[in-house]
Amino acid sequence: MLRTIAEINERIRKGKVVVVTAEEVIDLAKEKGISKAAEKVDVVTTGTFSPMCSSGVFLNTGHTKPRIKLGGGKVYLNDVPVYTGIAAVDLFLGATALPEDDPRNKFYPGEFNYGGGYVIQELVAGKDIRLVATAYGTDCYPRKKLETLINIKDMNEAILFDVRNAYQNYNVAVNLSDKVRYTYMGVLKPNLGNANYCSAGQLSPLLNDPYYKTIGVGTRIFLGGGIGYVAWHGTQHSPAALRGDNGVPRRGAGTLAVIGDLKQMKSEWLVGTSMLGYGCTLTVGIGVPIPILSEEILRYTMVGDAEILAPIVDYSDAYPQREPDILGEVNYAALKSGHIKVRKKDVPTSSLSSYPKAVEIASVLKQWIEAGDFLLTEPVAPLPGMESGMSTKPLKERPVGE
Amino acid sequence: MNVSRRIVLHFPPNMTGQPVVCRLVKDFGLTFNIIRASVSPGQDGLLVLELSGERKNYDKGIKYLNETGIEIQSLSQDVVRDEAKCTHCGACITICPTGAFVLEPKTRKVLFDHSKCVVCGLCVKACPPRAMILYV
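Going down the list, the protein sequences come from chains C and V. Those letters in the first sequence? Residues 1 to 402, per this note's numbering, in order. Those letters in the second sequence? Residues 1 to 136, per this note's numbering, in order.
Keep in mind the hints are simulated off the structure, nothing from the lab. Predicted model, so just to flag it, every value in this text is computed and none were measured. The C-beta atom is built at its ideal place from N, Cα and C for all residues, glycine as well. Possibly wrong hints are sitting among the right ones.
Straight-line alpha carbon distances no greater than 27 Å define the calculated DSS-like cross-link-like pairs of lysine-lysine that follow [as the list claims (entries may be wrong)]: (1) Lys116/V x Lys336/C; (2) Lys345/C x Lys116/V; (3) Lys106/V x Lys32/C; (4) Lys85/V x Lys336/C; (5) Lys40/C x Lys16/C; (6) Lys85/V x Lys153/C; (7) Lys109/V x Lys189/C; (8) Lys109/V x Lys341/C; (9) Lys30/C x Lys16/C; (10) Lys336/C x Lys106/V; (11) Lys189/C x Lys116/V; (12) Lys109/V x Lys266/C; (13) Lys127/C x Lys85/V.
Listed next, the stretches of chain V that the computed footprint assigns to chain C, with coverage defined by at least 3 CB atoms under 8 Å from CB atoms of chain C [as the list claims (entries may be wrong)]: (14) 87-95; (15) 102-115; (16) 125-135.
Generate the whole structure from the sequences, applying the supplied hints.
And the structure:
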């Protein structure tokens with residue numbers, strides 16, 4: 001072992017820490033050699049900025065006078081329904097929630113111009129939000145109706161809690177059919193008209209720590225422009241996914257559940273997002289610091305776009321029908337070149353994940369650490385690794401019977 | 001550089017007798033195509049024109065029209081990017097039929113070449129953070 005997290009924190013406090021981004025480390029290690037680079041660098045910062053649907057916020061509005069039990073009632077924030085199946089004034093607003101009068105895909109493809117993701121962005125921006133609620137009334141919570149403006153600064157708590165973010169690798173989406181397909185991977189033109197991908201590649205957090213040797217429960221991270229924590233492994237965490245010789249997953253694999261105080265986040269890094277014909281979501285900025293505890297860990301962070309493979313999946317048939325077929329694999333260097341070959345056809349590529357924003361996140365996190373504003377944490381529990389054998393299970397339908 | 005724009009001219013009653021379009025041609029070297037006209041002496045008039053010419057002359061022509069008291073309404077739709085909303089993800093790149101969005105290789109930022117835009121509007125709905133705005 002080269003250093004401990006406690007030693008890195010000591011260097012942060014003394015202003016002596018050496019931090020580079022996951023992009024910068026590639027050239028640095030090539031130039032200096034792996035050993036020298038590992039000796040020199042204390043921390044490598046990563047970043048990603050992508051639409052992440054499993055995102056949402058818990059809000060505690062405070063109690064009205066007389067009291068109202070929103071729990072079990074109906075509550076809307078700017079006409080977007082929120083989940084009330086918890087205590088009296090605790091609410092959960094999900095990124096993909098839509099106003100009830102949104103026409104959805106009735107007028108195909110639906111535009112989904114407003115929803116939970118946008119309300120979250122407006123909350124973070126400090127805008128007033130219109131709360132409309134009806135409740136059933138109890139002896140201790142007599143009030144049945146409420147209509148008021150609310151603001152994040154007046155709430156007791158506003159907590160971002162995303163149960164699946166920062167996917168370790170992802171599909172490249174194409175369309176083999178002769179019709180335009182409107183998907184969560186963007187607009188896919190017919191007959192292999194385009195290929196959409198969604199990962200920061202060499203900057204993406206879990207691709208730089210493929211076996212979760214440093215990232216675990218309790219890891220302090222950049223979340224939505226503020227400070228957050230890894231809360232758990234994310235839903236659909238699949239460490240047993242197919243991997244290359246370098247350990248890097250060649251399919252969607254690990255995921256993170258993350259949590260943080262929404263009040264200190266920024267609307268620039270939590271952006272309401274609309275996918276034509278699909279729905280509304282939230283684009284989330286996440287950056288994870290990787291402590292260089294050993295040469296091995298540095299070697300993982302050196303991974304470049306050319307060494308990360310992603311599967312090409314047909315979203316007109318294979319994906320919706322949950323067929324396992326893929327049309328091949330392609331690396332992120334090829335994807336970022338603007339064109340890939342699929343079935344001998346030259347296919348132009350687009351990204352849904354913003355690489356310039358990922359670079360910015362990794363740089364901001366680097367500055368925070370260098371300035372002494374961000375100390376690293378020791379994980380309190382590891383994320384399930386390959387040895388857990390965990391992989392995403394399908395839903396096996398069973399007859400309900402009588 | 002040549003420009004070609006569709007404009008709507010609203011004539012006040014006192015202007016309908018003036019050879020306005022003739023002056024655009026003679027004094028500023030512009031060409032025009034009348035799309036719709038409703039001009040009667042002594043009444044409010046309306047003229048929908050496609051006006052083309054050198055940018056410099058076009059601007060002078062528009063200035064002249066403004067000075068006459070004719071109200072000009074632009075009919076040319078326009079697509080612009082809200083720079084504060086664009087996250088530079090790049091979802092627009094393969095959607096645009098004219099290749100108006102280009103990745104800057106070094107920064108990987110998405111450049112919008114407005115001169116290539118034909119205002120088809122495909123990018124407006126395909127943009128995830130809704131940063132492309134269609135002006136009608």
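Do the hints match the structure? See the list:
Simply put, Lys116/V and Lys336/C have alpha-carbon atoms about 22 Å apart, close enough for the 27 Å limit, and the pair holds. Proposed proximity of Lys345/C and Lys116/V is supported: the alpha carbons are some 26 Å apart, at most 27 Å. With a C-alpha separation of about 23 Å, the suggested pairing of Lys106/V with Lys32/C holds against the 27 Å cut-off. Between the alpha carbons of Lys85/V and Lys336/C the distance comes to roughly 22 Å, so the proposed pair stays at or under 27 Å and holds.
For the given pair, Lys40/C sits about 11 Å from Lys16/C by alpha-carbon distance, which is consistent with the 27 Å threshold. A hinted pair counts as satisfied when its Cα atoms are at most 27 Å apart, and Lys85/V with Lys153/C qualifies at roughly 24 Å. In summary, the hint linking Lys109/V to Lys189/C is supported, as the alpha carbons are separated by about 23 Å, within the 27 Å threshold. For a cut-off of 27 Å, the pair hint linking Lys109/V to Lys341/C stands: about 23 Å separates their Cα positions.
Pair hint Lys30/C plus Lys16/C holds up; C-alpha atoms about 23 Å apart against a cutoff of 27 Å. For the proposed pair Lys336/C and Lys106/V, the alpha carbon gap of about 11 Å is at most 27 Å, so the pair holds. Under the criterion of a C-alpha separation no larger than 27 Å, the hint pairing Lys189/C with Lys116/V is consistent with the structure, at around 21 Å. Taken as a hint, the Lys109/V and Lys266/C pair is honoured in the structure, with Cα atoms around 21 Å apart against an allowance of 27 Å.
For the proposed pair Lys127/C and Lys85/V, the alpha carbon gap of about 17 Å is at most 27 Å, so the pair holds. Under a criterion of three residues with beta carbons nearer than 8 Å to beta carbons of chain C, the stated coverage of the stretch 87-95 of chain V is upheld, 9 such residues being counted. For a cut-off of 8 Å, the count of residues in the stretch 102-115 of chain V with a CB near a CB of chain C stands at 4, and the three-residue condition holds. Counting residues of the stretch 125-135 of chain V whose beta-carbon sits less than 8 Å from any beta-carbon of chain C gives 5, enough to reach three: the coverage restraint holds.
Consistency note: the structure conflicts with none of the earlier hints.
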